[in-house]
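Single-letter residue listing:
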Amino acid sequence: MTSTQPMTVRRLPEPGDRASRRSFLREIKGFVDSSHRPRLILDLSAIVQMSPESIDLLLECVGHAEHGDGEVSVAGASPQTSVILEITQAASVLNMFPSVLEAAIGRQAHALEFWKPGYTDDRAA
Amino acid sequence: MEMGALIVAAGGDAGSALHGSGLWTPAWPVLGKTVLQRWIERVQGLGVGLVSVVDRNPQEPNRIHTMVEWAKEGVEQVLLIALGSYAEIDLPDLIRFHSAGQRKVTQVFDQQGPLGISLLDRGCMLANQEPASQDSDLPSSRYDFLGYAVRLSSTGKYRQLVEDALEGRCGIHLTGSQTQPRVWIDDTAQVDASATIEAPCYIGPGTRIKAGAALRGCSSVERNCEIDLGTTLDHTSIQPNTYVAPGLYFRESVVDGTRLEHLARGVTVDLGTVGLSARIGTQARHAHRSPKLAHGPGLSRRDAIKEEEHCP
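Quick mapping for you: the protein sequence lines, in order, are chains G and B.
Going by my numbering, the residue at position 73 of the first sequence is 73; the numbering climbs one at a time, nothing skipped.
Going by my numbering, the residue at position 19 of the second sequence is 19; the numbering climbs one at a time, nothing skipped.
Rather than coming from a laboratory, the hints here were simulated on the basis of the structure.
Everything numeric in this text was worked out from a predicted model, so none of it was measured.
Some hints could be false.
Said to hold, decoys possible - Only pairs whose alpha carbons sit at most 25 Å apart, straight line, appear in this in silico SDA-like list of lysine to any residue:
1. Lys-33/B x Gly-171/B
2. Lys-157/B x Pro-79/G
3. Lys-29/G x Gln-80/G
4. Lys-33/B x Thr-273/B
5. Lys-157/B x Lys-29/G
6. Lys-29/G x Ser-51/G
7. Lys-157/B x Glu-60/G
8. Lys-33/B x Gly-123/B
9. Lys-157/B x Ser-51/G
What the hints assert, rightly or not - To give a feel for the contact side, a few chain G residues facing chain B, derived at Cβ under 10 Å:
10. Met-50
11. Val-83
12. Asn-95
13. Leu-101
Backbone N, C-alpha and C fix where the C-beta goes; we use that ideal spot for every residue, glycine too.
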């Protein structure tokens with residue numbers, strides 16, 4: 001039997017918009033608190049280059065997800081954003097995928113790793 | 001026999017990046033000195049007192065005028081160097097080779113083709129003073145060079161030259177004290193005792209490496225830079241007068257002020273807008289801010305600012 005993790009896909013609010021940021025974090029916290037091992041996918045495809053506020057926000061999401069034994073993936077990061085995430089070492093605590101779809105598939109592939117076939121390779125021999 | 005040396009530098013502003021080459025500019029020093037400075041030193045080492053540097057601008061035939069004037073004043077030979085490569089040519093051997101031949105021009109080639117270095121006789125220079133004959137196809141001899149050469153056409157080639165110099169694969173002699181084998185630190189640089197410096201690497205004059213910072217993988221930090229608390233440089237070069245914020249990790253990159261070129265990803269990024277680096281002298285250091293994770297373990301932003309306030 002395979003287990004499924006609850007998953008949500010979100011976009012980061014615009015930097016500087018404090019109200020949206022608070023609301024965003026409330027929603028993330030609510031999602032994490034109500035889920036078992038939640039998976040949060042953050043769609044960065046609309047961001048040309050990360051601001052320091054956005055990096056802080058990403059890391060706050062990681063902190064919330066860790067409380068719920070969950071994980072955070074980012075999807076669609078531009079090459080420039082990927083470089084910023086690498087330099088700031090945020091990439092070391094995030095799973096990075098080229099697109100939201102691949103992030104979602106990556107999740108399924110990850111879940112399937114728990115399932116092992118009941119036969120070994122020598123069965124085909 | 002009197003000899004002159006004419007070095008043709010990149011056109012326009014020598015400090016600006018060349019088109020299609022990423023951030024690379026000939027103004028970048030290679031472990032303390034630019035390639036132009038190294039060429040001038042080598043030419044002067046031959047005893048050549050007449051050295052001129054002109055722009056590579058096809059609209060202004062500076063080089064022709066200079067050479068013709070020199071020829072009229074009695075200069076017998078001109079060493080013409082188009083500044084596009086670093087090549088450790090044995091110049092006395094080139095002169096002997098040219099003198100032994102019957103041609104008025106000797107061009108230097110390596111396995112990839114011409115290196116943009118020629119030796120010209122006086123007669124050739126005077127023959128070229130008429131505009132109509134500037135492109136005349138004078139018979140030339142070919143000097144095949146088998147030694148170390150790098151064509152400096154991109155940031156990647158620049159890093160190759162830096163790594164070759166640090167690894168001792170070319171003849172670039174580094175200045176500064178060797179505090180340990182293959183670690184060159186200028187006497188005026190300040191390196192915190194807690195910084196990790198792995199050979200080979202280079203730290204230039206007036207540069208500060210702060211607590212917990214790490215340099216490895218043939219990294220170089222040129223003059224008057226500051227590498228802030230806990231930042232790691234791995235296969236990375238920092239250009240002069242650059243401040244780098246605390247707690248960052250750079251690999252396979254070159255940082256010049258607020259601009260970064262990531263060689264592994266083939267991307268150029270503006271770090272200034274995110275406050276991760278700055279040009280020293282143009283912006284207050286403490287105005288820069290790095291993300292929470294950028295602060296090393298146990299290091300708060302307040303600590304970082306406190307440290308910055310002690311900067312000279």
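So which hints don't hold here, by number, going up? 3, 4, 5, 7, 8, 9, 12, 13
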